[in-house]
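Here are the chains, one letter per residue:
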Amino acid sequence: MRSELDAVLRSSLGRRAFLKYLAIAGGTGVLAACQKNITAATQGGGASATETRPPLESEPGVLHAYEWAGFEVKPLWRSYAAKGYPDPKFSFFTNTEQALAKTAGGYTWDIVHPEVGYVQDYFNLGAVQPWDTSLISNFPDLNPALEKAGQLDGKQYEIVTDWGYSGVIIRTDHADPSINSYSYLFDDSLAGHISWFDTPWILLQAGLVLGVESDIFDMTPQDLETCKNYCIQKKKNLYNIWVDFTQMWDDVRQGNVWAAYAWPDAWVNTRNDAPVAYIRPKEGVLAWGEGLMLNANTENYYHAHEYANAWTMPQTGLWVINNYGYGHSNLKVDLSKVDPAVVRAFGLDDPVGNLSPPAALMDRYQPQRDAYNRAWDEVKAA
Amino acid sequence: MTELDLSIETERRGRPVPSRRRRGRRGAVTAGLLSGPVSYLLVFFVVPVVMVACYSVGLLTLLPQDHYLSLRAWHDFLFGSIYMGVFWKSVRMSLGVSITSVLLAYPVAYLLALVAGRRKYTLLLVIVAPFLTSYLLRVLAWRVILGEQGVVNSFLKLVGIAPQGWLFYSQFAVYLVLAYVWVPFVALPIFVSLEALDLSLLEASNDLGASRWTTFRRVTLPLSMPGVIAAFVFVFIPTLGEYVTPLLVGGPKGFMFGNGIQNAFLQGFDWQFGSAMSMFLIGAVMVLMAVFGRFVSFRSVSE
Amino acid sequence: MSDPTTRATDAAISLQEVRKSFGRVVAVGGISLDIADGEFLTLLGPSGCGKTTTMRMIAGFEEPDEGRILLRGRDVVGVPPNKRDVNMCFQHYALFPHMSVQENVEYGLKLRKVPREERRRRVAEMLEVVRLEGFEKRKPAQLSGGQQQRVALARALVNRPTALLLDEPLGALDVKLRKQMQLELKRIQHELGTTFVYVTHDQEEALSMSDRITVVNQGLIEQVGRPRDVYERPATPFVADFVGVLNALEVRADEVRDGRVVVRISDRERLVVPTGDRPVSAGTELLVAVRPERVWLRAPADETSADSRLEGTVRQVVYLGTLTQFYVDTTLGARLVVHELSDRRASGFVAEDRVVLTWDAEDAAILRVE
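Residue numbers (the numbering used here), protein chains in the order written: chain A, -10 to 371; chain B, 712 to 1014; chain C, 35 to 404.
Bound conformation, chain A alone:
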């Protein structure tokens, strides 16, 4: 077989043909990629919304929702289904970076569900248009602190639907809850029992502990360097950097970990098995929100709004809190149906206050994402 291939390649005719096909294939591939690039760029910034929009009845009707895995379940859009609209088609991304890259490459959808920190990124791609909040009946009931995070130039580009904290979970038998600071994650006295999550936000938390001057979401290079070095210095205290949150829950339960970067669901799932407390640090707990964004060229404009409305229903909110351990943006969620301990952990008794500074620092667009990631890589590599 090898000699056959050799024979084909050795004969000058065969070799030329081979190279010719290779060049064609390569050239086509390159052109195709460029083509995608051009289409993405000409998608136009902002909404080139046609003033004359077809009514809901003549829209195609099947919404394409590009979602996190687990957000396709029916209870989240029950009222949408109840109105008789066709079931949406779901596709999934692992994280928003991946979704953004695919979108830049030409992938289309009607609705996507990113964190508020990426609203600007989608806008920069020219992939989205603002919502018409008048079409969403639940909008006035939504948490203004959250919805502000979804705005650009006063226009509502993202309807923020769910949210959470990135705080600290501690074992109260080893750490003092009254310290109430991100310093648990850098505490030498807890050496060997600290667990970080694999995220550059550890740098932000270091920044908060050190009290850096610049905005932690957009630090000066010197401040970033300071935070990085602090993290590298404190890395020796680590038990591990967790990747799978259920493993982290186990380690907390078993007492291997005394302080960990955690979302509130960690506390909800371990509080019956071990003495734990969820800390919303005094420096301000880092909070994240995510919600629905609308594609600039969607053909299902009105359906999308209906879908957003279903998501923002108080019943949906109750379901999300009780099943996923995330917060919901609708202020009218019936808290009597929620476990009081959860209400406490989430600060659901004052959702607006607890999600605004100084209590919470809401995620927002990071202009220097690359620099932050490189710094975080350096911490991990150290």
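Hints listed in this document are in silico derivations from the structure and should not be mistaken for laboratory results.
Note that the Cβ used here is the ideal one computed from N, Cα and C, for glycine as well.
Keep in mind that the hints are not guaranteed to be accurate.
Taking lysine-lysine and the DSS-like style, the derived pairs with C-alpha atoms no more than 27 angstroms apart in a straight line are [said to hold, decoys possible]:
id : chain 1 : residue 1 : chain 2 : residue 2
1  : B       : Lys868    : A       : Lys225
2  : A       : Lys271    : A       : Lys137
3  : A       : Lys91     : A       : Lys63
4  : C       : Lys147    : C       : Lys173
5  : B       : Lys831    : A       : Lys225
6  : B       : Lys800    : A       : Lys224
7  : A       : Lys144    : A       : Lys91
8  : C       : Lys147    : C       : Lys171
9  : A       : Lys137    : A       : Lys321
Some but not every residue of chain B turned toward chain C, in silico, with C-beta under 10 angstroms [what the hints assert, rightly or not]:
id : residue
10 : Asp909
11 : Ser911
12 : Leu912
13 : Leu913
14 : Ala915
15 : Ser916
16 : Leu919
17 : Gly920
18 : Ala921
19 : Thr926
20 : Arg929
21 : Val930
22 : Leu934
23 : Met936
With chain A fixed as given, assemble chains B and C onto it according to the hints.
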């Protein structure tokens, strides 16, 4: 193929045979049969790699922040960053893992090929069976063995020794788990080369006065070397880019070159940088293959 | 069956009542044999007769279930092969492919820590003996079959063993080369004076090379003797059939006179054979054998004074170059084979010719007495 044609030509020396045409027809059939796999390789392998290479220098761009036609990514990677250090760390780890797996796998292969007798293939099946389970499960299972509350530490606690934290979430765990995962793979080429060993060679060595150990050292080992080297290369190259296992069991020190690439694409948004790193890895692997190629004649391995 | 030509003293190798079974299969049923120093002894027999097993027991690769094996008077049962002073030459040479000729041949010497200079000298000597001077640096893969065989020989002989065991070493060579190598082996053995124990199933090979032949069948010795004795005076029907072509006739003795048995077959046909010390009297059933080259073909009308005459018809003529074979159906019912040299005195008979087979009494022997 060429020899055949020549002999036919000499037979019919009187009459000129249109051998060129014959060869041409055979060549066309061969090209036709090859076109399927070759185009598959071209489309799904060569073209994407070329695209990533173009991407790394900005010939292609995708994201708004990408720099068109710029070597910035390469410059940052090669000169400004910690990633070269991480690369060498990965190289060291790969070497360690490869050597460990070969050392572990050799006795296994030896036992199977030369000692096991009739049960040889059943045992081979038993050893390969773990492959049928999920890779992730096999890696995570080590937590049960090596973790703080795992089998080893529980036993140590029973005997009165303090639990050893370095067994898991550590470099040790990365080496051990990777070597374990690779041993069945590695045992196979060694097994094959040992199986192919002519047993009368061992008898001859014995007959001439060599003890069992000397026979192993002078005859068995050198003759199984092609299989060992093939196995070593087989482990070393994929392990260079390995990132899943270090992520899962490596703890704070578990950051490898592969993780760097993964982060650039998935956590960061720095596709150009990630592409530069990927191309570097591909280049490094090709250089290594060329180096190994000089030491091992692939023909002898394929035999 | 034990060897009648035993020489108890000076035996290089002595097998005494050696038995070996594999499971329920008896490979060697009780062999006793003395091999003299410097002799070329062949173990001859069909496949599976136990000859290879016997050899491997001498080498130490198998252990006997019962019996003793003495090497120069010392019992080596239980001693591993690397500690026995015999070396083996394998059927497929078993040359170490990753070593050069030099390294192969000096392998045994190196293990015995022979110093380098002496090693080189002895290897060069041995290569000269096997006529492979100058081949030191070659690898086995670069050698022809015959050359590989000679390296294997050199490798074994350089250690000056008590005996060299050869396990069908020429089986893989083509006929011409085989004949050449047979002569070579004989020459080398003569030059070095080493005891050679040779295993083969090729009776021609055995006849041409051996000082003595041991015919083995089903784990037992059928006969031990010099090639001529084994060929011309086979002790058992098996030996007669296995060694050379056999013509066997079942007849009944009519008369015993002057040490000869006379069998009257018809008016013009009769058979005379020496009794050879066998208890024969009139009426005894006999199996008589005569070698094909001792039988003459004559036309029915020819006069002859030969002792034995038998009539028959030629069924097939096979031309083999040096000799011609005639397959003749006789009036006794048996088919006899006659060999004639293809020279001027060739009889020229063809198929369907009626012939008379004649031979002298001394050319035949009684194989078996019923």
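Let's test the interface hint: is any C-beta of chain C closer than 10 angstroms to that of alanine 921 (chain B)?
holds, 6 angstroms
For a C-alpha distance cap of 27 angstroms, please report whether lysine 868 (chain B) and lysine 225 (chain A) respect it.
holds, 25 angstroms
Quick check on the hint: serine 916 (chain B) CB to chain C CB, less than 10 angstroms?
Serine 916 (chain B) check passes; min Cβ-Cβ to chain C is 7 angstroms, inside 10 angstroms.
Under the criterion of a CB-CB separation shorter than 10 angstroms, is methionine 936 (chain B) in contact with chain C as hinted?
holds, 8 angstroms
Agreement of hint valine 930 (chain B) with chain C interface, Cβ distance less than 10 angstroms:
holds, 6 angstroms
Taking the closest Cβ pair, is leucine 912 (chain B) under 10 angstroms from chain C?
At about 5 angstroms, which falls below the 10 angstroms cut-off, the nearest Cβ of chain C leaves the hint on leucine 912 (chain B) intact, so it holds.
Is the interface hint satisfied for aspartate 909 (chain B)? The criterion is a beta-carbon contact with chain C at less than 10 angstroms.
Holds. Min distance 7 angstroms.
Report holds or violated for the interface hint on serine 911 (chain B), using the least CB-CB distance to chain C and a cut-off of 10 angstroms.
holds, 4 angstroms
Would the pair lysine 144 (chain A) and lysine 91 (chain A) pass a check requiring their Cα atoms to be no farther apart than 27 angstroms?
holds, 25 angstroms
27 angstroms limit on alpha-carbon distance, applied to hinted pair lysine 831 (chain B) and lysine 225 (chain A)
violated, 48 angstroms
Pairwise hint evaluation, lysine 224 (chain A) against lysine 800 (chain B), where the allowed Cα distance is 27 angstroms at most:
holds, 18 angstroms
Against chain C, run the beta carbon of glycine 920 (chain B) and see if the smallest gap drops under 10 angstroms.
holds, 4 angstroms
Consistency note: the structure conflicts with earlier hint 5 alone.
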